[in-house]
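Spelled out, the chains give:
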Amino acid sequence: MRDTLSQHANTFAGIPDIGTRITLFVVITFMLIVTILLVYFKMRESDDKKGI
Amino acid sequence: MIIRPSWLHFRESSRVWIEDRLRLKPLIDLLAKKLVPRHKYSFWYLFGGLALFFFIVQIVTGILLLLYYSPTPNTANESVRVIVNQVSFGWLVRSLHSWSANLMIATVILHLFSTYFMKAYRKPRELMWVSGVFLLFLVLGFGFTGYLLPWDTTAYFATQIGTEIPRSIPVLGEFIVRLLRGGEFIDEESLKRLFALHVVILPLITLAVVLFHLILNQVHGTSIPIGIRSLREPIPFFPNYLFRDAIAWIAALILLFGLCLIFPVQIGPKADPFASAPVGIKPEWYFLTLYQTLRIVPAAILGVNSETIVNVCVGIAGAFLLMTPMIDRKARMEQYSSGFTWIGVVAIFYVIIAISLAYLT
Amino acid sequence: MTAQDKEISRRNFLSQALTGWISISVLPVLYGMVEYALPSKIRDRILESMHVAKEADLLVGSAKIVKFNKQAIALLKSEQGQVRALSAVCTHLGCIVQYQSDRKVFHCNCHGSEFDLEGRNISGPAPRPLQPFKVDIKEGDIIISRI
Ligand code: HEM
Ligand code: FES
Numbered sequence: 002m003r004d005t006l007s008q009h010a011n012t013f014a015g016i017p018d019i020g021t022r023i024t025l026f027v028v029i030t031f032m033l034i035v036t037i038l039l040v041y042f043k044m045r046e047s048d049d050k051k052g053i
Numbered sequence: 424m425i426i427r428p429s430w431l432h433f434r435e436s437s438r439v440w441i442e443d444r445l446r447l448k449p450l451i452d453l454l455a456k457k458l459v460p461r462h463k464y465s466f467w468y469l470f471g472g473l474a475l476f477f478f479i480v481q482i483v484t485g486i487l488l489l490l491y492y493s494p495t496p497n498t499a500n501e502s503v504r505v506i507v508n509q510v511s512f513g514w515l516v517r518s519l520h521s522w523s524a525n526l527m528i529a530t531v532i533l534h535l536f537s538t539y540f541m542k543a544y545r546k547p548r549e550l551m552w553v554s555g556v557f558l559l560f561l562v563l564g565f566g567f568t569g570y571l572l573p574w575d576t577t578a579y580f581a582t583q584i585g586t587e588i589p590r591s592i593p594v595l596g597e598f599i600v601r602l603l604r605g606g607e608f609i610d611e612e613s614l615k616r617l618f619a620l621h622v623v624i625l626p627l628i629t630l631a632v633v634l635f636h637l638i639l640n641q642v643h644g645t646s647i648p649i650g651i652r653s654l655r656e657p658i659p660f661f662p663n664y665l666f667r668d669a670i671a672w673i674a675a676l677i678l679l680f681g682l683c684l685i686f687p688v689q690i691g692p693k694a695d696p697f698a699s700a701p702v703g704i705k706p707e708w709y710f711l712t713l714y715q716t717l718r719i720v721p722a723a724i725l726g727v728n729s730e731t732i733v734n735v736c737v738g739i740a741g742a743f744l745l746m747t748p749m750i751d752r753k754a755r756m757e758q759y760s761s762g763f764t765w766i767g768v769v770a771i772f773y774v775i776i777a778i779s780l781a782y783l784t
Numbered sequence: 059m060t061a062q063d064k065e066i067s068r069r070n071f072l073s074q075a076l077t078g079w080i081s082i083s084v085l086p087v088l089y090g091m092v093e094y095a096l097p098s099k100i101r102d103r104i105l106e107s108m109h110v111a112k113e114a115d116l117l118v119g120s121a122k123i124v125k126f127n128k129q130a131i132a133l134l135k136s137e138q139g140q141v142r143a144l145s146a147v148c149t150h151l152g153c154i155v156q157y158q159s160d161r162k163v164f165h166c167n168c169h170g171s172e173f174d175l176e177g178r179n180i181s182g183p184a185p186r187p188l189q190p191f192k193v194d195i196k197e198g199d200i201i202i203s204r205i
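Protein chains in written order, with the working numbering: chain G, 2 to 53; chain A, 424 to 784; chain D, 59 to 205.
Misleading hints may appear alongside valid ones.
[To be verified] Heads up, incomplete: computed chain A residues facing chain D, CB under 7 Å, no partners named: (1) Gln583; (2) Gly606; (3) Phe608; (4) Val735.
By construction, these hints were calculated from the structure, which means they are not laboratory data. Note that CB positions come from ideal geometry on N, CA and C, so glycine has one too.
Hey, can you work out the whole structure from these sequences and the hints?
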């Protein structure tokens, strides 16, 4: 049981290669930066309302 | 006549429905009443919130890891390999948990130093400081207990050392060691105990302390450092400051993903309790100061053995940290206490020198 | 004492008695929980002597780490063919030491303590020598016992 589990555990090379990871990073960063911009404008709007 | 689209009606009527039942307005008014001052150091106010953010990331990713992790010496290392190699996005979840832990500890330390130098611990915020120091101990506890869980060689010896250190504490030492290990040696019992601490006991305590810390922050508002004339209008916490917090959190998320995707966390070989400790074995960065101190203190000074000395020093440093608001009499009277600032500077230098020595030698 | 004062001191007494009583009742619960969490000693059953290896498995001038109860023990065969057994657990904070045959020392990779072939702590933070064990060889079997 122990042997099959440890063999099983190593069958796939799990971590994707650096190219895939960087692509993923670019996509995630893009999504998050757009979010930051939207939140920023929302912040400006609510600041303006209070005259900050 | 303006015709409003029906979804706007729906939104408005749901808002009213919810407000009638939850009565959130007093809470929102309360949050809006708290003002966050603006001055040249206000940047540092973001760090408490960042620590909270990473703590939330830990809870979410920790729960995901729990679905596959199995805490026994025969299965722990394998189950982590299964997570990394087979579970979809398992490698990412594990990297997020590990990197966010490091970032959480780093932000807690930055938050501690910033409130220390701004002397935000002075009256009436003494208990915010004390609960904050407990949070530091708790996050270090998370780091220590989580480290053994992958059951790899480095983790095994790090835990052996870490649970051996308390032994030289007078009277309670033996007792603490047995309680932590669940026996004389690091084995299945120890793994189960540190696991229980890491996933149930510490999270529950931390949640309670964080809540206490946040409620006090609401009650007392944010402090202004001694001698700073707040030049600009303070900002209401809700919603204006919360937007700033949100921007910092999303920026932190970008940093976190960057670290995880560029440096995904690896897993070491399964621990063998009967093999020599590997060459160059070192603890995580946040324990390096303690590690280097253990290395430079000689075996005995005036007949007292080194661990006792290190234990006593750590005890004194911990007590000083906890008691700072009570010791610093000047700050209590709104006077700038430069002595305490110097102690902080010396502490930072000691940490930097110890960490560099640990890496260089 | 006015009637009002009496009323106050009675109420004070009651709340103090209640707090005190609750604190006292919590103590046995705490005691029970700590006792529950403390490992029972019986489970770490310790044998006084054990067969750990065959003499033929040992190479002259190198160390082999074997299991004695739950402890790690280094077996060392000298050039004269004599077998010695020393605890392989560093007396500093308990890492397993490594035998360096070129320098003839046991070196601990954790904080750099070193021990000579007799187990004496010669440098680093280790406070005590490595614990020695008794070695008996019967028909090529190495048997270790506690001294
Ligand atoms: C899990 C760990 C922690 C979390 C989630 C947390 C969270 C927060 C938050 C959200 C704030 C308000 C925003 C700010 O002023 O930064 C705050 C304030 C504060 N925290 Fe923490 N904190 C943690 C650990 C600590 C530690 C380790 C200390 C110091 C020993 C500390 C001391 C303080 C103090 C004194 C304040 C008041 C700051 C002021 O009013 O200017 N906290 N904390
Ligand atoms: S554990 Fe061996 S030197 Fe510290």
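For each hint, the structure was consulted:
no.: 1; hint: Gln583; result: holds (5 Å)
no.: 2; hint: Gly606; result: holds (5 Å)
no.: 3; hint: Phe608; result: holds (5 Å)
no.: 4; hint: Val735; result: violated (15 Å)
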